[in-house]
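There are 2 protein chains.
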Amino acid sequence: MQYNKHLNTIDITDRGLAYGDGLFETIALINGQLHHWKLHWQRMINGCKKLALNLPDENQLLEQIQQQLNTQNILSNGVIKLILTRGSGGRGYLFPENQDENLIISYHQWPERNIEDYTNGINTIVCKTALAKQPALSGIKHLNRLEQVLARNEFDNEKYQDGVMLSHAEQGSPFVIEGCSSNLFFVLNSKLCTPKIDNCGILGTMRQAIIDFGLENPLFLVQEDNFELQQLEQATEVFFTNSIYGILPVASISYRTKQQLQQWFYNERTIIRSLANQFNTQLQRPFEL
Amino acid sequence: MQYNKHLNTIDITDRGLAYGDGLFETIALINGQLHHWKLHWQRMINGCKKLALNLPDENQLLEQIQQQLNTQNILSNGVIKLILTRGSGGRGYLFPENQDENLIISYHQWPERNIEDYTNGINTIVCKTALAKQPALSGIKHLNRLEQVLARNEFDNEKYQDGVMLSHAEQGSPFVIEGCSSNLFFVLNSKLCTPKIDNCGILGTMRQAIIDFGLENPLFLVQEDNFELQQLEQATEVFFTNSIYGILPVASISYRTKQQLQQWFYNERTIIRSLANQFNTQLQRPFEL
Chain A
6 MQYNKHLNTI DITDRGLAYG DGLFETIALI NGQLHHWKLH WQRMINGCKK
56 LALNLPDENQ LLEQIQQQLN TQNILSNGVI KLILTRGSGG RGYLFPENQD
106 ENLIISYHQW PERNIEDYTN GINTIVCKTA LAKQPALSGI KHLNRLEQVL
156 ARNEFDNEKY QDGVMLSHAE QGSPFVIEGC SSNLFFVLNS KLCTPKIDNC
206 GILGTMRQAI IDFGLENPLF LVQEDNFELQ QLEQATEVFF TNSIYGILPV
256 ASISYRTKQQ LQQWFYNERT IIRSLANQFN TQLQRPFEL
Chain B
6 MQYNKHLNTI DITDRGLAYG DGLFETIALI NGQLHHWKLH WQRMINGCKK
56 LALNLPDENQ LLEQIQQQLN TQNILSNGVI KLILTRGSGG RGYLFPENQD
106 ENLIISYHQW PERNIEDYTN GINTIVCKTA LAKQPALSGI KHLNRLEQVL
156 ARNEFDNEKY QDGVMLSHAE QGSPFVIEGC SSNLFFVLNS KLCTPKIDNC
206 GILGTMRQAI IDFGLENPLF LVQEDNFELQ QLEQATEVFF TNSIYGILPV
256 ASISYRTKQQ LQQWFYNERT IIRSLANQFN TQLQRPFEL
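From first to last, the protein sequence lines stand for chains A and B. Numbered per our numbering, the first sequence spans residues 6 to 294. Numbered per our numbering, the second sequence spans residues 6 to 294.
These are calculated hints, taken from the structure and not from any lab test. Quick caveat, the model's predicted, so the values are computed rather than measured. One or more of the hints may lead you astray.
Because identical chains cannot be distinguished in the list, a pair is counted as satisfied if it fits within a single copy or across any two copies.
[Unchecked claim] Derived pair list, reagent style DSS-like, types lysine-lysine, alpha-carbon separation capped at 25 Å:
#	residue 1	residue 2
1	Lys201	Lys263
2	Lys55	Lys263
3	Lys133	Lys201
4	Lys86	Lys164
5	Lys86	Lys133
6	Lys43	Lys133
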């Protein structure tokens, strides 16, 4: 395992580039501390299992991150990105005989976000690019992200601040899964709901934190299930979650049918406010939504 | 557009690594000449369209490849690999405002292959990892190849020389699509058949060359359709195609059901021999199969 904390480049033969053969994590750094580390680490464990990658040593990894922060003298907020690849080698798709993973640690500035995204909520549109059903790869944060890239670039950024992604369905109705770079929650019949992530989608760490919170606070108990887009018409509150941005209220969902552009609006903020008070404060993000 | 002919590394912020946001081609180099260049180039055009990448300048690209061959004084056979990425930048999945693609050209040794793979044919097994249905990405040779990586590493390399991949099917029967790194052809009811590549799979250049050949030689007219695995039991000849290995007869297909291991064997070589005579000779691969 190569811990490349000061590396700005990787070899062009790295399988992360060749095949997207690896994982990544983007972790909020708050006052020099990794936020929700245990949840990121657990997802990395699951990802390594699914892709048959060797898991880095947790203590060594944390030490390397700390060294990088010390070297760059970083005490403020930011983002730590980890990329774990299968390294170089192998004959084509075949794993290398001596698999030597490459772990890249990089620091990025804390991304600011318009206060209006939090106070007014964001406007979203349902993307045409759907998520293919692939249970072998669902849930984990692997490096094959072309679906998200295509979906995120479908819409006008002035009008919409994120997209809603559905599952690919040849027959029947697709399910609503997540945002382009976020998970989706909503309140339906007074219940807090989120789409099941079993065939596609990413198990976000903020999503997991809310589910865990709900297990101890029955008012926020989360129901994971398959939901069709139409069920969102009845939702009273809708919000996106993301490890860096926290909780973002959704003000509207738009979608184009053959005939017209439909739009649903959401003004309720009861559950959103409580959760933002819990989680956005930890991320030093706006919480009086 | 950066033409990186002598580059051994790329920046860790390159979107090819971050998201698999790009394309690749592996092209046979025979006596210093690019084999089936026009077919590779056409697939690159299609890939750039699907992913909204800027197409490199064809003449400039060919010139850069030639310069690299001259510098390394290469006159013999080998493989030229091209990787085209969206370059660095962008906010997350969002395309960079000034998209500046990265084109990496690398030379690799000509891979030898056991003569027995050609004379006896290869033994194959049906992989458990299925190909997700994603029309937005099918056909093109993009950098999101985790499905192939997982499938190729499912089986014992001593026993099986390649795998057969099926489409993911929640309901009904899956279709047979391709090999882990090859396309699949077979002779069924005296007709030369190959699976349609519309929902998943890669449109291989050797596959295209055979289809084009069949349009001028009615004996080899190719029927593209959806086929279920069970239809391969009735096939009289089965073969794989690949731009580097040419035509490889399939000697057997194995697959595990819950109850048992089933195996089908293929000894016929009539169509295979004619096509190998046409195409394997061009690649200086065995053709008396």
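Hint check:
no. : hint             : result
1   : Lys201 to Lys263 : neither (28 Å within a copy, 28 Å between copies)
2   : Lys55 to Lys263  : between (39 Å within a copy, 22 Å between copies)
3   : Lys133 to Lys201 : both (20 Å within a copy, 23 Å between copies)
4   : Lys86 to Lys164  : neither (29 Å within a copy, 40 Å between copies)
5   : Lys86 to Lys133  : neither (29 Å within a copy, 32 Å between copies)
6   : Lys43 to Lys133  : neither (34 Å within a copy, 32 Å between copies)
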